[in-house]
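Enquirer: Could you build the full structure based on these sequences and the hints that come with them?
Take the sequence shown: its position 11, counted from the start at 1, is 6 in this note's numbering, and no numbers get skipped.
In case anyone wonders, no lab produced these hints; they're calculated from the structure. For every residue, glycine included, the Cβ atom is placed at its ideal position computed from N, Cα and C. Keep in mind that a hint or two might mislead.
To be verified - Taking lysine to aspartate or glutamate and the DMTMM-like style, the derived pairs with C-alpha atoms no more than 25 Å apart in a straight line are:
no., residue 1, residue 2
1, 59, 72
2, 75, 51
3, 73, 48
4, 90, 145
5, 139, 51
6, 92, 145
7, 92, 33
8, 19, 48
9, 73, -3
10, 38, 22
11, 96, 33
12, 139, 101
13, 90, 101
14, 75, 48
15, 161, -3
16, 65, 51
17, 90, -3
18, 139, 71
19, 139, 173
20, 90, 22
Unchecked claim - Pair by pair, the computed Cβ-Cβ distance ranges are:
no., residue 1, residue 2, range
21, 72, 169, 20 to 30 Å
22, 73, 144, 39 to 49 Å
23, 171, 1, 11 to 21 Å
24, 92, 128, 15 to 25 Å
25, 3, 52, 14 to 24 Å
26, 170, 63, 27 to 37 Å
27, 169, 48, 33 to 43 Å
28, 51, -1, 38 to 48 Å
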Amino acid sequence: MDALTLLLNRRSASRLTTPAPDSKALDTILQAGMRAPDHGALKPWHFVVMQNEGIERFSQLLHKAAVVNKLGADVEEKAKNAPFRAPLIIAVIAKVKSHPKVPEWEQVVAAGCCVQAMQMAALAQGFGGIWRSGSWTHDAVVRKGLGCGEHDQIVGFLYLGTPTLKAPATVSPADLTDFVTYF
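Expert: Right under this line is the structure:
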């Protein structure tokens, strides 16, 4: 699939199963993330790859966060099960650095671009994925468990695997009227 077709037909796949990207495909996915736009060549990001036992450890971490925050039995169970929605998860952390020309927000956006690039690289190799965020990205227990520093921000969790549902090959073009102004 050519790049424009891939970009214009991108969609998330929330129902994922095995196989996950193998080590060669994963390396390509991570390399794509490293090519994100990066003002100042700071590389303000870090990837935490979770699969197999890593998925189990992430499950335990989310469960612990739910318990520590006293979110109740239902949320604790949901937190414990959430990582098992995909066979591979990549947490993307913006490793924010103090810089006179590159503000914090720009570094966070650069890390976000990593997620998009990695999802596109997964799709180009025949896998599916979904970028998840939510309250766990700000949770102190989760942040500590993933090795975040004081100024770091988790920009999301990229869940990857093989889609269980076949999506249509193409997406209808968006109506740009409310989103574009020409100056």
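Enquirer: Give a verdict on every hint.
Expert: Status of the hints after comparison with the structure:
1. 59 / 72: Within the cut-off at roughly 11 Å; holds.
2. 75 / 51: holds (9 Å)
3. 73 / 48: Given pair residue 73, residue 48 holds - Cα atoms ~19 Å apart, limit 25 Å.
4. 90 / 145: Holds, because 9 Å separates the two Cα atoms, which is no more than 25 Å.
5. 139 / 51: holds (17 Å)
6. 92 / 145: Since the Cα atoms of residue 92 and residue 145 sit roughly 11 Å apart, the hinted pair holds (cutoff 25 Å).
7. 92 / 33: Holds, because 13 Å separates the two Cα atoms, which is no more than 25 Å.
8. 19 / 48: holds (19 Å)
9. 73 / -3: violated (38 Å)
10. 38 / 22: Within the cut-off at roughly 17 Å; holds.
11. 96 / 33: holds (12 Å)
12. 139 / 101: holds (23 Å)
13. 90 / 101: Roughly 11 Å between the alpha carbons, so the hint for residue 90 and residue 101 holds.
14. 75 / 48: Holds, because 14 Å separates the two Cα atoms, which is no more than 25 Å.
15. 161 / -3: holds (19 Å)
16. 65 / 51: Roughly 21 Å separates the two Cα atoms, so the pair holds.
17. 90 / -3: Not satisfied, since the Cα-Cα distance of roughly 32 Å exceeds 25 Å.
18. 139 / 71: holds (18 Å)
19. 139 / 173: violated (41 Å)
20. 90 / 22: holds (20 Å)
21. 72 / 169: 20 to 30 Å: Violated - the Cβ-Cβ distance for residue 72 and residue 169, about 37 Å, lies outside 20 to 30 Å.
22. 73 / 144: 39 to 49 Å: Given range 39 to 49 Å: violated, Cβ gap about 28 Å.
23. 171 / 1: 11 to 21 Å: About 20 Å separates the Cβ atoms of residue 171 and residue 1, which means 11 to 21 Å holds.
24. 92 / 128: 15 to 25 Å: Because 22 Å falls inside the window, the suggested range holds.
25. 3 / 52: 14 to 24 Å: violated (37 Å)
26. 170 / 63: 27 to 37 Å: violated (45 Å)
27. 169 / 48: 33 to 43 Å: holds (41 Å)
28. 51 / -1: 38 to 48 Å: Since residue 51 and residue -1 have Cβ atoms about 39 Å apart, the given range 38 to 48 Å holds.
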